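Student: The primary structure of each chain is shown beneath.
2 protein chains.
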Amino acid sequence: MSLSPAFSRRTPDGDAMERAICDHCGHVAYENPKIVVGSVVLHEGRVLLCRRAIEPRRGFWTVPAGYMELNETPEDGARREAREEAMAQITLGPLLAVYSVPKLSQVQLIYMATLDRGIHAAGPESLETRLFSFDALPDGDIAFPTVHWMLADARRVIEGRATPPFANPAGF
Amino acid sequence: MSLSPAFSRRTPDGDAMERAICDHCGHVAYENPKIVVGSVVLHEGRVLLCRRAIEPRRGFWTVPAGYMELNETPEDGARREAREEAMAQITLGPLLAVYSVPKLSQVQLIYMATLDRGIHAAGPESLETRLFSFDALPDGDIAFPTVHWMLADARRVIEGRATPPFANPAGF
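So the sequences go chain by chain: A and B. Going by numbering that gives the first Met the number 0, the first residue of the first sequence is number 0, and it counts up by one from there. Going by numbering that gives the first Met the number 0, the first residue of the second sequence is number 0, and it counts up by one from there.
There may be inaccurate statements among the hints.
Stated by the list, open to error - Below are the SDA-like pairs computed for lysine to any residue, each with C-alpha atoms no more than 20 angstroms apart in a straight line:
#1 A:K33 - B:D75
#2 B:K33 - B:D115
#3 B:K102 - B:H147
#4 B:K33 - A:V27
#5 B:K33 - B:G65
#6 A:K33 - A:R160
#7 A:K33 - B:R18
#8 A:K102 - B:E71
What the hints assert, rightly or not - Just a few of them, taken from the derived set where beta-carbon distance is under 7 angstroms, the chain A residues facing chain B:
#9 L2
#10 S3
#11 P4
#12 S7
#13 C24
#14 H26
#15 N31
#16 P32
#17 K33
#18 I34
#19 L69
#20 N70
#21 P73
#22 S99
#23 Q105
#24 V106
Hints are computed from structural coordinates only; laboratory data are not their basis. Quick caveat: nothing in here was measured; it's all calculated off a predicted structure. From the three backbone atoms N, C-alpha and C, an ideal C-beta is built for every residue, glycine too.
Modelling step: build the complete structure from the supplied sequences, incorporating the hints.
Tutor: Quick look at the structure:
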């Protein structure tokens with residue numbers, strides 16, 4: 000390797016949008032929205048959260064979730080993230096929500112789940128894992144807006160006030 | 000540009016998976032699953048299909064659907080595809096299904112929709128558009144397996160036999 004990465008934004012022949020094109024070789028780096036898969040994991044009425052060991056938002060609480068990999072289903076991805084981030088085996092329930100964050104070109108597929116045998120522990124990307132009562136969530140220390148949304152939506156389902164799946168809250 | 004695109008598959012430092020890495024400059028081309036957004040569009044009990052003008056499966060019937068673009072929501076993407084492929088303004092209803100095709104690293108977000116004012120016409124990627132009765136679908140000329148799934152699932156919803164959203168049929 001003798002060169003540095005260098006991309007220019009141009010519209011390829013026959014395309015309708017600007018794409019990132021390598022200055023050296025002409026490779027078109029198509030950029031697509033990314034899928035985050037995750038789950039709101041319940042155990043005896045409480046919800047499993049992970050305190051992030053990595054940036055962004057290191058030290059803040061989130062649910063087990065992350066980027067979907069190639070050649071997996073969203074369901075397998077959600078189970079994988081629970082294993083990786085919370086050392087947890089989970090049983091998936093219904094789809095809780097499809098949220099989108101167009102500014103980040105991100106779509107989040109979030110499932111309801113239950114924790115098998117109540118076992119969880121911090122994986123390499125987590126500082127700690129903990130089960131929280133919905134009445135004592137770490138509201139000021141939640142990592143991302145969508146985590147607020149999914150916890151509120153999960154609570155509405157648990158309390159029988161609404162039926163999933165949800166989308167973004169009004170105005171978002 | 001003096002070089003040809005050339006990528007090797009290696010595991011970057013600190014990563015857990017092989018990625019496509021440019022032989023010339025070291026750029027890591029992260030590959031992520033792609034999102035297809037689309038809709039089953041109804042009008043007076045019939046469903047809007049488009050006959051594909053492009054490969055793959057040119058000449059076969061599909062619903063208005065395509066790759067989600069950056070910085071849009073899935074809902075906006077589904078409306079855009081209906082405009083582009085069927086010159087149709089649609090009103091989106093509930094999420095019909097989240098299908099995944101792990102072999103293709105593809106996730107499909109399919110919505111129910113209705114056709115505004117009954118107006119539709121072939122866009123540049125369609126040979127023709129047509130409203131089909133569910134009893135007279137072009138079963139032998141459907142473009143993709145997921146189109147069979149979504150038409151069957153939409154029919155179950157319309158006939159009150161099931162509640163969306165659906166995932167892949169059992170065994171797929």
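Student: Are the hints correct? Go through all of them and say.
Tutor: Here is what the structure says about each hint:
1. A:K33 - B:D75: Holds, because 16 angstroms separates the two Cα atoms, which is no more than 20 angstroms.
2. B:K33 - B:D115: violated (29 angstroms)
3. B:K102 - B:H147: Cα-Cα ~18 angstroms, so holds.
4. B:K33 - A:V27: Holds - the C-alpha atoms of V27 of chain A and K33 of chain B are around 16 angstroms apart, at most 20 angstroms.
5. B:K33 - B:G65: holds (10 angstroms)
6. A:K33 - A:R160: Roughly 31 angstroms separates the two Cα atoms, so the pair is violated.
7. A:K33 - B:R18: holds (16 angstroms)
8. A:K102 - B:E71: Cα-Cα ~8 angstroms, so holds.
9. L2: With a minimum Cβ separation of about 4 angstroms from chain B (threshold 7 angstroms), the hint on L2 of chain A holds.
10. S3: holds (6 angstroms)
11. P4: holds (4 angstroms)
12. S7: violated (10 angstroms)
13. C24: The hint holds - C24 of chain A has a Cβ within 7 angstroms of chain B, the shortest such distance being about 4 angstroms.
14. H26: holds (4 angstroms)
15. N31: At about 5 angstroms, which falls below the 7 angstroms cut-off, the nearest Cβ of chain B leaves the hint on N31 of chain A intact, so it holds.
16. P32: At about 5 angstroms, which falls below the 7 angstroms cut-off, the nearest Cβ of chain B leaves the hint on P32 of chain A intact, so it holds.
17. K33: Because about 5 angstroms separates K33 of chain A from the closest Cβ in chain B, which is inside the 7 angstroms limit, the hint holds.
18. I34: This interface hint holds because 6 angstroms falls under the 7 angstroms limit.
19. L69: This hint holds: L69 of chain A lies near chain B, its Cβ roughly 4 angstroms from the closest one there, short of 7 angstroms.
20. N70: holds (5 angstroms)
21. P73: holds (6 angstroms)
22. S99: This interface hint holds because 4 angstroms falls under the 7 angstroms limit.
23. Q105: At 10 angstroms from the nearest chain B Cβ, Q105 of chain A fails the 7 angstroms test, so the hint is violated.
24. V106: Hint holds; V106 of chain A Cβ to chain B Cβ min 6 angstroms, cut 7 angstroms.
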